[in-house]
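J.: Make one complex out of these two single chains by using the hints.
Each chain, letter by letter, is given below.
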Amino acid sequence: MSLDFLDHLSPTPAAYQAAARRLLEQPPAGLGPLRVAVAASFTADPLGKYLVVEGARRGFAIEPSFTPYSQFELQCLDPGSALFAGRPDVVVLATRLEELVPALWHNYGALDEPARQQIALEACERVARMAAALRQHGTAQVLVFNFTEPVRAPGDPGRGRAHLVEIANSRLEQIAHEHSGVVIFDFARFALETGLRQMFDARLDAVSRMPFGVAAQIALAGRLARSLRALRVPPLKCLVLDLDDTLWGGILGEVGPGGIALGNDYPGRAFADFQRAVRDLRRRGILLAIASKNNRAEVCDVFECHPDMVLRWDDFAAAQIHWEDKAASLAAIAAELRIGIDSLAFYDDSPVEREWIRSRLPEVAVIEVPEDPIERVAALDHFEGFDQVFVSEEDRRRATLYQHDRERERVRAQSASLDEFLAQLQIRATVGPVNAGTLPRVAQLIHKTNQFNLTGRRHSEGELRRQLDEGAIACWLRASDRFGDYGVVGAAIAVPERPRAWRIDNFLLSCRILGRQVETALLAALARRVAESGADELIGEYLPTPKNAPACDFYPRHGFAPEGGRWVWRFSRGCIPAPQHIALEEVL
Amino acid sequence: MNRVREIVAGVLGVPPSEILAGSGPADFAQWDSAAHIDIMLSLEAAYGVSFTARELAETLSIAGMEDALRQKGVRLV
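Chains as they are written, first to last, in the working numbering: chain R, 157 to 744; chain E, 52 to 128.
Hints listed in this document are in silico derivations from the structure and should not be mistaken for laboratory results.
Every residue gets a Cβ at the ideal spot worked out from N, C-alpha and C, and that includes glycine.
Among the hints, a few may not be true.
[Unchecked claim] Distance windows between CB atoms, simulated:
hint	chain 1	residue 1	chain 2	residue 2	range
1	R	Ser515	E	Glu57	27 to 33 Å
2	E	Pro76	R	Ala534	51 to 57 Å
3	E	Gln81	R	Ala309	37 to 43 Å
4	E	Gln81	R	Ser226	42 to 48 Å
5	R	Gly627	E	Glu57	42 to 48 Å
6	R	Arg308	E	Arg121	21 to 27 Å
7	E	Asp78	R	Leu352	37 to 43 Å
8	R	His293	E	Arg121	43 to 49 Å
Next comes chain E alone, as it looks inside the complex (with noise of 0.2 Å):
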């Protein structure tokens, strides 16, 4: 498992097990547009990348995010 799953958990307050690739706002109650957006930005910091705004709003998937770090050059086990 990667950071990914473990920043998202750490953002929801839940155990990283409850996250899954297609995990997305709609399995999490807290999961609302701000917590979207802690985890976005925490995602950035952790792994040194920029998202766009579309990006920002629109990757709304662990395989989603997992994607998008991908193809901005981040290798992720």
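For reference, chain R alone in the conformation it holds in the complex (with noise of 0.2 Å):
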């Protein structure tokens, strides 16, 4: 079934009631089923259908259900309640500060200030018993709305509330940081942008006690979808820019570098602003890539001399700067970075450009370019395949791995051998327990590592949470060498599957450090590990999937013996030899 019947869906509760029971009766081959609980102290039941057209816009068959009035905060502190029983992928905690600390406004006049502050975290520390709970209990993510303030303003004038709000919103992404599968929504920011008077319907309110009216549950409902999907989908790796007329206004072959528009005035103002949301973009992780259709010399030029160029040619991971097809060039890119053709998005002004690149790729994620410059920040804020909930390390750091990437390169090429490369690059691992502290970054790795992943089996943080809750060995691995640091990179996950017996439930390598032979430092740390809990055997196992291939021959290759489709090692043959070129580090 196609989806064509929620484009124009008119914006009442009739057309999205009928969209969404169309949904729910039939649901479309190829959405991925999510079951939603949302605990609100609010009725939040109307959200329902829309939250349904909106996960479906977003490819997921929501399956939504909400606590009854005034016991979501029985129902998470209650591992017997309904809401557990529902088992759901994600709980939404939509409280306001209205309804869990009433007093709050009400007195606001006759509190002083510490206890109109004491108030507002005690509030924060309900969230955080329902959070706590809700993860200790079950294996849901946990998405936090975050407060704003009333829609009517009590209190002194000359004296306004928000920083009030502003203590409790830190304390409840302290809370966030605590509990690893806790997300804050920031609800206050879709308060803002929309306004409170705006969203507010006195009248259901009132009727109904849902406070907002139907244009922002709406509204709001696009916005939870969206954070919802970037729960479950990793994001984009790579954002591949066009040059004239996207990241600066003119074509550079006509106007040369002093005629094009950038800068502090209209219009390069435009382009400026544009550069510099591009720019954030890369912050969080994502890497760039150039394909324009120009002279290089003139390119570099320009990123070069320019005064008012925001980005710098080193922001850059790759650069296909020529006059050949840019799908090719697309394809060059993805295949330079070693990431896959579905990892990229690609942004460029022109409709022919985008369309070509449509009909050749349709894995590239291809955005949609306002024609009017003024227009494109906010069409990118709208793109949702860069969505990210959580921001590690490694991604912050990830424009200099590439960077680091290069020099290797070099060195590669100068070496004579496969060995001397290796004994050249001075590798060093360390291996460690996976914990609360590592938990996050081996989830996200799980969640994002495709080509070495030998089972592609994707658990979410708390399914991992219950595997080492169960006597799971998981570690983590993490190498350097002379060039710098790759971070975080591989883990594994031994699960005991009789006794003496365990079986490796997964194990994955970021696709930045294949070939260097990490992989065999971290099988030679599982393995040692498993062995000294008692084990005789170790099991591999391989489950192709699209894309890992690159794995298929690992437990082979590491002298793992062929049983019933599966591979094993036997510990009476010894443990499992680490390379001699990796000093290897080991963190108990």
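T.: If you want it as structure tokens, here you go:
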């Protein structure tokens, strides 16, 4: 079934109800099921139909459920509640200060500042208890609404309430940071953008305890669905950019470096703003690349000499600047960066180029570009392909990591053999146990690693935590060499299958470090830990996925013997030797 | 037949022919308070009118809805 019927849906409850019913009764093929339980301090049930539609637009068959009015807290705290029984994938904790601590705003004028803060922080602690219980007794990820000011402003003239809400929201962020799998939904931002009065519907609030009008409910469901998608879908890895009329105004080859529009005044300001938005993406780990039909020397001239360029040449991990076909350029960029073509997003002001890429490379995400440069920053923000809920240290340093890679390539070119190259790199590896501190990065690796992923099993952080609680041995691997630190790039999880026999549930390595034999170091360290727990054998599995062919010979290459479609290492043969050229350090 | 019954039928998920002038929450299990609000808000959007909280809560039949709309200057066929 096509989703065309979702286009031009009129913004009424009736239209969305009919569309949601159709989606629930005949779920279209290809949508990923997602059970979402909403525990709200207000009546959130009317959001259900909007969530179903907005989820479908983003590739998800959302099955929403709602805790009964005023039971949100009880159901979050009670592992036997209907909320837990529904085994949700995500729980949305939609609480407001208005209902959590009504006294705060009702008695605002009568409370002194310390009392106000104490009440606001009490609300936070209640949210913390709910989030902690949800994580402790279930596997769902938890999306926590932060707080806003009330629609009616109580209190003294001359002293605002923003600081109070800010104190509470800082505490919520801290709570999210302290619990893995708990993420903030920036409701405060949504409310600011929409406007408190615009959102609020006094009639619905009075009649049904739903504080928001229809338009705000639809917008909120859209924003929520976007966050839910980001929880489940890893971000694209690289933004491929055109240059002329994209990074700057005008055609460089026609007007020259001095003639392009870029700077503080209209129209150049729109392009400078766009470059700043792109730089923000780079700073949180999105790789940048150029695909432009231009003369390379002229382009380099702009990067070196134009005073108003925001992006530097070094900000780009790859550049294809020539007069050949852009589809070929995108393929070359993906190959150079060792990422899939489906990890690319393409941004070009030319509708012809966009259509060309859509037709030649349907797996590339082609971003819609408004004709007016003024609207382009908003359009980039509107694009959801780079959404990410957790930004790791590795993400922030990614662009630098790719620079190191280029230096390594130079050493490789000068080395007579692979062994010589590996020896020259002076690789150091550290292996340690997965714990609360390293779980988020390991979960992220599991989520994002495609090529060297032995089983393709993508356990969520919650499932991983359950495996650990049930006695799994899980290790992370951090690697560095003389050019720099790769960060945490590998993980392996072994679970007991039967007495004295352990199975490697998954084994993965970031593609950035393939070909350095650090996988052998990780396997050796994991095997040794499994042997020390008293195992006689270690079982490896290779489950083919569309992308993990590079890992197919991993176990036979390390001497595992075939047995019933799997691979077995018997510790009677001793341990798996670690590679000579890697200095391996183990953290217990 | 006018759009009032179509909208009610759409929210309830039944053929419009099942909606009669006297139909109300008692006649359909799915016509609960949430569905009722959905019906009233959809009527507002369809006819460009605004109901008071009392009208939202207490207009509990098709005939009542048509009356309320007429009072707000809507000409129903």
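J.: Could you run down the list of hints and mark each one as holding or not?
T.: Hints, verified against the model:
1. Between Ser515 (chain R) and Glu57 (chain E), the C-beta spacing of about 41 Å breaks the proposed range 27 to 33 Å.
2. Hint check: Pro76 (chain E) to Ala534 (chain R), Cβ distance near 44 Å, so the stated range 51 to 57 Å is violated.
3. Distance hint check: the CB atoms of Gln81 (chain E) and Ala309 (chain R) are about 40 Å apart, consistent with the given range 37 to 43 Å.
4. A hinted range of 42 to 48 Å for the beta carbons of Gln81 (chain E) and Ser226 (chain R) is inconsistent with their spacing of about 23 Å.
5. At roughly 60 Å, the beta-carbon separation of Gly627 (chain R) and Glu57 (chain E) lies outside the given 42 to 48 Å, and the hint is violated.
6. For Arg308 (chain R) and Arg121 (chain E), the Cβ-Cβ distance of about 34 Å falls outside the hinted range of 21 to 27 Å, so the restraint is violated.
7. Range check, Asp78 (chain E) to Leu352 (chain R): Cβ separation about 39 Å, and the 37 to 43 Å hint holds.
8. Roughly 55 Å separates the CB atoms of His293 (chain R) and Arg121 (chain E), a value that falls outside the hinted 43 to 49 Å.
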